[in-house]
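Chemist: Starting from the given sequences, assemble the full structure and let the hints guide the process.
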Amino acid sequence: EYLIVGSSIYEKTPIFQSVFVEATLLLLMALFNLLSLLIILTRWSDMKVNRIHDTPRIILLLHGLAITGVLVFVLIISSSYDIWDVILGLNQAVLGTKVFGLASIVLTLPAFVMINRAKQDYRWSKFMVFVFQTHIILSVALIIWLYLYNLLL
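Counting with our numbering, you get residues 1 to 153 for the letters of the sequence shown.
Keep in mind the hints are simulated off the structure, nothing from the lab.
It cannot be assumed that every hint is accurate.
[Claimed, not checked] Below, in silico cross-link-like pairs of lysine to any residue (SDA-like), each with a Cα-Cα straight-line distance of 20 angstroms or less:
hint, residue 1, residue 2
1, 98, 143
2, 119, 38
3, 48, 143
[As the list claims (entries may be wrong)] The calculated label-pair distances, taken between Cβ atoms and stated as ranges, are:
hint, residue 1, residue 2, range
4, 150, 121, 39 to 47 angstroms
5, 30, 55, 25 to 33 angstroms
6, 148, 6, 12 to 20 angstroms
7, 147, 45, 33 to 41 angstroms
8, 7, 119, 50 to 58 angstroms
9, 123, 62, 17 to 25 angstroms
10, 31, 92, 25 to 33 angstroms
The C-beta atom is built at its ideal place from N, Cα and C for all residues, glycine as well.
Modeler: And the structure:
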């Protein structure tokens, strides 16, 4: 559907491609990514889970670093935007976004499993679990957003 006002033509876009939703998604993702990495840095010794000790914190660290890579490359793309580089995939930032995006896809399910295991451990506070669960949910939304803009595959 199109709206024509004077000589301007406006196309109706889905809610997920709205500028406000995109900006909110990226800001929330950056905030929760920063929070998750700060929790990992400050509470590293408390993030063990019974019988699998180091696995949850390593998986969550790798997932957080993959999302950080995606956000950095999205920032680079947005500061030097050329539509043909995105369409043809010629830009190194687009390639970096694809690599870190695929890494975040691979690490999303293990991170979710590790958080579910960590909920049962007494060393994990409810705040830590909330931050990491929200981080994982927002990363899935970010992956969908990357796919919609041809920055993933």
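Chemist: Are the hints correct? Go through all of them and say.
Modeler: Each hint, compared with the structure:
Between the alpha carbons of residue 98 and residue 143 the distance comes to roughly 10 angstroms, so the proposed pair stays at or under 20 angstroms and holds. With a C-alpha separation of about 19 angstroms, the suggested pairing of residue 119 with residue 38 holds against the 20 angstroms cut-off. With a CA separation close to 28 angstroms, the supplied pair residue 48 and residue 143 exceeds the 20 angstroms bound. Checked against the hint of 39 to 47 angstroms, the pair residue 150 and residue 121 passes, with Cβ atoms roughly 40 angstroms apart.
In this structure, residue 30 and residue 55 meet the distance hint of 25 to 33 angstroms, their C-beta atoms being roughly 26 angstroms apart. Against the hinted window of 12 to 20 angstroms, the Cβ-Cβ separation of residue 148 and residue 6 comes to about 29 angstroms, which falls outside the hint. Range check, residue 147 to residue 45: Cβ separation about 37 angstroms, and the 33 to 41 angstroms hint holds. Taking the beta carbon of each, residue 7 and residue 119 are about 57 angstroms apart, inside 50 to 58 angstroms as hinted.
Distance hint check: the CB atoms of residue 123 and residue 62 are about 20 angstroms apart, consistent with the given range 17 to 25 angstroms. The given range of 25 to 33 angstroms is respected by residue 31 and residue 92, whose C-beta atoms sit roughly 27 angstroms from each other.
Comparing the model with each numbered hint stated earlier shows that hints 3 and 6 do not hold.
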